[in-house]
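So the sequences go chain by chain: A and S. Our numbering puts the first sequence at residues 1 to 115. Our numbering puts the second sequence at residues 1001 to 1114.
Among the hints, erroneous ones may be present.
[Claimed, not checked] Distance ranges between label pairs, derived from CB positions:
{"#": "1", "chain 1": "A", "residue 1": "His76", "chain 2": "S", "residue 2": "Gln1029", "range": "33 to 39 Å"}
{"#": "2", "chain 1": "A", "residue 1": "Asn55", "chain 2": "S", "residue 2": "Gln1029", "range": "42 to 48 Å"}
{"#": "3", "chain 1": "S", "residue 1": "Leu1114", "chain 2": "A", "residue 2": "Leu14", "range": "30 to 36 Å"}
{"#": "4", "chain 1": "S", "residue 1": "Thr1057", "chain 2": "A", "residue 2": "Gly41", "range": "23 to 29 Å"}
{"#": "5", "chain 1": "A", "residue 1": "Asn24", "chain 2": "S", "residue 2": "His1085", "range": "35 to 41 Å"}
{"#": "6", "chain 1": "A", "residue 1": "Asp39", "chain 2": "S", "residue 2": "Glu1063", "range": "18 to 24 Å"}
{"#": "7", "chain 1": "S", "residue 1": "Gln1029", "chain 2": "A", "residue 2": "Thr112", "range": "45 to 51 Å"}
Honestly, the hints are just simulated from the structure, not real lab data. Fair warning: this is a prediction, and the values are worked out from it, not measured in the lab. Glycine included, each C-beta is placed from N, C-alpha and C at the ideal position.
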Amino acid sequence: KNQVEQSPQSLIILEGKNCTLQCNYTVSPFSNLRWYKQDTGRGPVSLTIMTFSENTKSNGRYTATLDADTKQSSLHITASQLSDSASYICVVSATGGTSYGKLTFGQGTILTVHP
Amino acid sequence: GAVVSQHPSWVICKSGTSVKIECRSLDFQATTMFWYRQFPKQSLMLMATSNEGSKATYEQGVEKDKFLINHASLTLSTLTVTSAHPEDSSFYICSARLSGNSQYFGPGTRLTVL
């Protein structure tokens, strides 16, 4: 069964600090992995997307890593801002067969940045 | 590019009435759109896959007669919640597939059934 697990469930940090969110997956066959930011009451917005051959992808203060061998990914946020407070969701896409195009969602990590 | 809109952004209705939610891909054509439901503090759950010009494919446990999906054009899919009840209150999100496995999400529709 395809699964995506994220940790921690929630995280509180002070403004300006860095943090790292984790994602482990068992989706097969693997197509790509995306990190999304979802503000409360809004739809998810894509931060990064990585395919099998990519190890790192950056988008401003967001840097995602992918280890396809261990099936782990991380999202590192640098110099956090109050506006970073949101839910961060790891989403893995399968390719081929009956799973084609279907997304497997992690439960999300709720990040709260305090001043 | 790749913008998906939803309308309305929020709706309140009485129990027993029907509500229609629209999902539009604004700057691209999408043969496939997806409908998700999200309860508070939970992740998105796929309800159905909507294919232009054909019947939607529903996930296990989702009542197709209650959640009517129509994908009449390459830029519009609609979800109609029929005979809505308070337990249908949720955040409904659509996404549109641009190419391959790339999906772009709409901003969501908050449905509250009284």
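To see whether the hints hold, each was checked on the structure:
| no. | hint | in the structure |
| --- | --- | --- |
| 1 | His76(A) x Gln1029(S): 33 to 39 Å | holds (36 Å) |
| 2 | Asn55(A) x Gln1029(S): 42 to 48 Å | violated (33 Å) |
| 3 | Leu1114(S) x Leu14(A): 30 to 36 Å | violated (41 Å) |
| 4 | Thr1057(S) x Gly41(A): 23 to 29 Å | holds (28 Å) |
| 5 | Asn24(A) x His1085(S): 35 to 41 Å | holds (37 Å) |
| 6 | Asp39(A) x Glu1063(S): 18 to 24 Å | violated (30 Å) |
| 7 | Gln1029(S) x Thr112(A): 45 to 51 Å | violated (39 Å) |
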